[in-house]
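Asker: Generate coordinates for the entire structure from the input sequences, incorporating the hints supplied.
There are 2 protein chains.
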Amino acid sequence: LRIDVHGHVSAPAHLWSIRAGLLAARGTHGRPALPKQLSVEGLKEFLNAGGGGGPGGPHLKLMDQHRTDVQLISPRPYQMMHSEKPAWMVRWWTELCNDVVHNECRAFPDRFIGIAGLPQAAGEPLDAAVAELERAVTKLGFRGALLNPDPHENNGTVPPSLGERYWYPLYEKACELDVPLHIHSCGSHSVREPYSMNFIREETTAVLGLVHSDVFRDFPRLKIVISHGGGAIPYQFGRFQAMSARSGGPLFSEQLRNIYFDTCLYSQEAIELLIKTVGVDNCLFGSECPGTGTAVDPQTGRDYDDVAHYIDKIGFLSDADKDQVLWKNAARLFNLSAVQPRL
Amino acid sequence: LRIDVHGHVSAPAHLWSIRAGLLAARGTHGRPALPKQLSVEGLKEFLNAGGGGGPGGPHLKLMDQHRTDVQLISPRPYQMMHSEKPAWMVRWWTELCNDVVHNECRAFPDRFIGIAGLPQAAGEPLDAAVAELERAVTKLGFRGALLNPDPHENNGTVPPSLGERYWYPLYEKACELDVPLHIHSCGSHSVREPYSMNFIREETTAVLGLVHSDVFRDFPRLKIVISHGGGAIPYQFGRFQAMSARSGGPLFSEQLRNIYFDTCLYSQEAIELLIKTVGVDNCLFGSECPGTGTAVDPQTGRDYDDVAHYIDKIGFLSDADKDQVLWKNAARLFNLSAVQPRL
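From first to last, the protein sequence lines stand for chains B and Y. Under the numbering used here, the residues of the first sequence are numbered 9 to 351, in order. Under the numbering used here, the residues of the second sequence are numbered 9 to 351, in order.
It should be emphasised that the hints constitute simulated quantities derived from the structure, not laboratory data. Possibly wrong hints are sitting among the right ones.
To give a feel for the contact side, a few chain Y residues facing chain B, derived at Cβ under 10 Å [unchecked claim]: (1) 85; (2) 228; (3) 254; (4) 280.
The structure displayed is predicted, hence computed values, not measured ones. For each residue, glycine too, the CB sits at the ideal point set by N, CA and C.
Answerer: Rendered as structure tokens:
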């Protein structure tokens, strides 16, 4: 079995057209309705016809080619626009995106499980995000949420570190609902650091912010997953390990045991380094496919984002280890049997 | 032979006391003079007595333990204060730091070679930096300079990407003098992203800024070295490789051939990934010792920053490959025989 914890929704252009309209009118034209193209039937037709994934698509065909049985899908993070005003527009857009994710899960109930986007309007309290997390899990059957550590979207305003109490209401709700929070930043206003690079920065920052805080003491049951293999953390591991050894506190390697990492990396060496550094128990198969990695490697003829293939090839993992990474850790952490009894 | 391209100056507290005084009076008390503790004789005495390296020291003893023959030393980047005002104070401080580096090189001419800090006062043109690069190379015998890609030191102001023409006067002067520019950011105003993490962010950003620009077309002889193993770049390599494959332009792997990376990473896995990803010809031994990595690994009893030891252990490198990484690439790139004929 292969459960991909890092997927995003595919939808026809009508979804992005709604976003364009919201921004153009700044939400003053009222809450947008879902057109039929974004209904359960509309999405079934779209995906069955080979749609999805922008340049990468078609979504279902890629899942089949990569032998991904189930994918956890969430709104496309770089389109979340948390830093735009007014806050209610951000909330409408997020709720609408979650409804589309929900419809896609209903259209293909054996293939997709929902992960929520949260209406984290920049500079606002987290009440709306907490409420939407509750709605998504209890009403839509979602099994987790993306958390954007920088709702200002790299516009020069420094958000609170993930170790700060600003985030506690969300951590509390995630623990109460027993669902993971998947750290994944969204847009970036900086032309020198576009969103894809800002993902890496924010994930690196997120790990340190959590590790150098009381969060796991205050929320021992909190489940945190870091996207894209943890940004730079596993590669720069020795730097932080040395700092912790010198400080005399717990070693960085011990502190990392509280944190899970997806394998959303597109080279054999990187995935091997990740698993060696953080351990089999803390790695979850994730591919973000279709997405940034959806291109054919001219040397091998394979898709860069056929991530399970890299995992399969790792010599130092037993078959049982591979099962842990490819699906068992995900099934346990996200408690997926709650929505798909076979998992 | 082992030539460490990434070292920083060690000096007694008098150096930092000058910095404190400059900041307290914002430069209005005039240009500070070098006290005798920072003269050639003073530094010789200080280092011979086992000084240096803050928590890490003693500098020379660590070099001997790690069998580092020669180290390229520059001012400590996190102390450069490029974002402070007025600009003339930044210039005075940088020139003074370079004079201290120069004195340390004169005190131990067989062990140290100078690399300049540049007075890159935030928001100012690069004239002062260009002039100081020229002084350092032609008058002090230095063989390169650190370039800080964010003189604003992460204060919310976005600096020009390294691909922008703002940097061209410096690239031009570096080519004219035939010395490398070593990318290494300095301070950080952000409490959620302190300087050590900001190094990683800025190095990652620097590589993409250069690769997605005309810089190497306009300056084919420009030599760029990225610190700390390239931030996140080698680990996230597949992400950028896939993007380049999809765009149909040159592959990211080809674009990286213009760029050199130091091995300033403190785990076996990371150094192996770096060399596998960018190749033997593009890696330079660097340790930043004494510095962030100066601590004993409780598992092995070795210093984390005994970086040459990791390189020595790599099974997939021949002895000739190891010589390339440990000193030959550096001797060639920095043209070190110009100042030490034996190299």
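Asker: Take the hints in turn and mark each one as holding or not.
Answerer: Results for each hint:
1. 85: 14 Å, violated
2. 228: For residue 228 of chain Y, the interface hint is violated, since the closest Cβ of chain B sits about 23 Å away, which is over 10 Å.
3. 254: Interface hint status for residue 254 of chain Y: holds (4 Å vs cutoff 10 Å).
4. 280: 8 Å, holds
Of the numbered hints listed earlier, those contradicted by the structure are 1 and 2.
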